[in-house]
Amino acid sequence: MGRITQAVAKLCKDANYYLGEDVIEAFNNAYEQELSLTGKEIIEQLIKNADIARAEDVPMCQDTGFAVVFVELGQDVHIVGGSLEDAINEGVRQGYTEGYLRKSIVGHPLERVNTGDNTPAVIHLKLVPGDQLKITVAPKGGGSENMSAIKMLKPAEGVDGVKKFVLDTVKEAGPNPCPPIIVGVGIGGTFEKAALLAKEALLRPVGVPSHKPEIAELEKELLKKVNNLGIGPQGLGGRITALAVHVNIYPAHIASLPVAVNINCHASRHKEVIL
Amino acid sequence: MIVVTITKIKLTTPISDEDVRKLRIGQKVLLNGVIYTGRDAAHKKLVELLNNGQELPLDLHGQIIYYVGPSPAKPEQVIGSAGPTTSGRMDLYAPRLIALGLKGMVGKGKRSPEVIKAMKQHKAVYFAAVGGAAALISKCIKQCEVVAYPELGPEAIHRLEVENMPVIVVNDTLGGDLYAEGTKIYATS
Ligand code: SF4
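Chains as they are written, first to last, in the UniProt record's numbering: chain W, 1 to 275; chain L, 1 to 189.
In short, the hints are calculated from the structure, not lab data. Be careful, since some hints might not be right.
[Unchecked claim] For lysine-lysine, the following PhoX-like pairs were computed, each having C-alpha atoms within a straight-line distance of at most 25 Å:
1) W:LYS103 - L:LYS142
2) W:LYS225 - L:LYS184
3) L:LYS28 - W:LYS164
4) L:LYS184 - W:LYS220
5) W:LYS103 - L:LYS8
6) L:LYS22 - W:LYS48
7) W:LYS103 - L:LYS184
8) L:LYS184 - W:LYS40
9) L:LYS184 - W:LYS48
10) L:LYS74 - W:LYS40
11) W:LYS48 - L:LYS45
12) W:LYS171 - L:LYS117
13) W:LYS103 - L:LYS139
Keep in mind it's a predicted model, so treat the numbers as computed, not measured.
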């Protein structure tokens, strides 16, 4: 238990201080490709910002997010000494308090009183074969989460319907999610499965294509189309609106074609550990 | 018309109508002097005071409000990370404050037609700071103290002293909107 709490606390801090190398590399490529001078300057500032956060152990963004925690629990693992959920929440509490991270969670969505320690986390648990425990912490900011959307398409709308919904969602989001963004798309499953697929798509290292060739093609096409919207860095106009589009799919019901678009800002934070 | 410049305009608060009238969308500005922070919770309280005919805890004439809820400061820091929050949440309240003499707002994301109209009518501007560049921006903040609503924690109204804080004009007094205009330039099919 103590190990889980400790690991989660560290992951909360690390995710908020240290932007992944994959994102930095995507920034460098974006800087080369951006045509807008203002856009270039913004990307430069984001690289500098990530450097400062890393060097000084401070959060790269003041919105240190909702702690979204993915747990892959090996079925041979036996957890002793209390509940997994409590251990994770205790880790979030410690990480956000010791780490000088902002507490952004209200205990009741309508009464809206801050819980004071950024708990509870949103926990997604998956049972997998083996004897390992993998924990991923992905703090998610409000600005980009608020611009995400889900739609139950008619199967007849097909891939064109999917593309249109992704583009409409990014266009509607405009400057609000702090572009350049990363777009996670979930296609198939049920209502809630599509949303989870989209969120999981954001955990993939930036720019690594789907291992399904037809989906990798779709990702490429969507990225081009998203960037053709001209929204650009911070929405001020430019060629780089998104650093990547990641699509995850799942089988669907004969009557359904759910599509979820989960937008992530450039502060694409996730860190993982295997226990 | 979008003005793209390499040079930046220095602006020191309090700012006058004349300062504000000269600004055009796309211009890069370095803010200096005192600015105030405020998010939706603080805005709601300010507008409630106005509705009850009461005085505000701060004078907004010629002032700038920065939409920010910083992360907690470490012991050696003036302020924690302090990037802009989404401005749309303040749209309901902003026109009232603009009518009172507020000259500038700093945030990120689109403003409502009502806010854009109020800026045109009362001569105010909206600046974007780079969303997510919070550690970088906090380096421009030299002093920070709470001036109202301490109970709101990070959402309290803070008085900040800033030095060369980089922002970009998104909405000017002519009704221009850089989000709309900038996107048009770079969109292709
Ligand atoms: S959208 Fe992301 S980068 Fe922008 S303020 Fe929120 S967490 Fe920070």
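Verification of the hints:
1. W:LYS103 - L:LYS142: Holds: W:LYS103 and L:LYS142 sit about 23 Å apart, inside 25 Å.
2. W:LYS225 - L:LYS184: 15 Å, holds
3. L:LYS28 - W:LYS164: Roughly 34 Å between the alpha carbons, so the hint for L:LYS28 and W:LYS164 is violated.
4. L:LYS184 - W:LYS220: 23 Å, holds
5. W:LYS103 - L:LYS8: 35 Å, violated
6. L:LYS22 - W:LYS48: Cα-Cα ~30 Å, so violated.
7. W:LYS103 - L:LYS184: Distance ~38 Å between W:LYS103 and L:LYS184 Cα, so the pair is violated.
8. L:LYS184 - W:LYS40: OK: L:LYS184 and W:LYS40 at ~18 Å, within 25 Å.
9. L:LYS184 - W:LYS48: 28 Å, violated
10. L:LYS74 - W:LYS40: This hinted pair is violated, its Cα atoms lying about 31 Å apart.
11. W:LYS48 - L:LYS45: 36 Å, violated
12. W:LYS171 - L:LYS117: Since the Cα atoms of W:LYS171 and L:LYS117 sit roughly 23 Å apart, the hinted pair holds (cutoff 25 Å).
13. W:LYS103 - L:LYS139: 22 Å, holds
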